[in-house]
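*Asks:* Sequence:
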Amino acid sequence: MVDALISIFQGKSQRRLDAIVRQVADLSLEGIAQTVEGRTAGMSLCETRGYIRARATAEVRRQTRNVLERHPGASLDWESEVVARAADRVAPLVLRRLTSAACRKPVVPLAPAAEWRRAA
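The numbering used here applies: residue 1 is where the sequence shown begins, and numbers increase by one.
Honestly, the hints are just simulated from the structure, not real lab data. Ideal Cβ placement from N, Cα and C applies to all residues, glycine included. A portion of the hints provided could be inaccurate.
[What the hints assert, rightly or not] Across the chosen pairs, the derived CB separations fall in these ranges:
1. S44 / D88: 15 to 25 Å
2. H71 / E30: 15 to 25 Å
3. R62 / R39: 15 to 25 Å
Generate coordinates for the entire structure from the input sequences, incorporating the hints supplied.
*Replies:* Following this line, the structure appears as structure tokens:
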């Protein structure tokens, strides 16, 4: 409902920009998740989010250029704003994906203590 009201008051170019930001974030998600997966163990939430944003920049910029070149009515002047907004949008998506993947990993049972005895 709120999104519908906001879209009424925004101009066409703003709605187009929002759509491009969403598209860039969605296209960047998989590549960024693969880049950071397994490298964030031991980091706090804030550190992980910062690490994701740092690693996301190149992928988001690449996807932004591709989308802006193909999107009718888009201006290449929007690149810096799209990159910043898409990076803000993709970081929580990657965090959610990493968290859900970590929750799905099977727990490896530890071997019973009897199997770890030294031979005498």
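*Asks:* With reference to the structure, classify each hint as holding or not holding.
*Replies:* How the hints compare with the structure:
1. S44 / D88: 15 to 25 Å: Once the Cβ atoms are compared, 19 Å apart, the range 15 to 25 Å for D88 and S44 holds.
2. H71 / E30: 15 to 25 Å: Once the Cβ atoms are compared, 20 Å apart, the range 15 to 25 Å for E30 and H71 holds.
3. R62 / R39: 15 to 25 Å: Holds, at about 20 Å.
Checked against the numbered hints given earlier, the structure satisfies every one of them.
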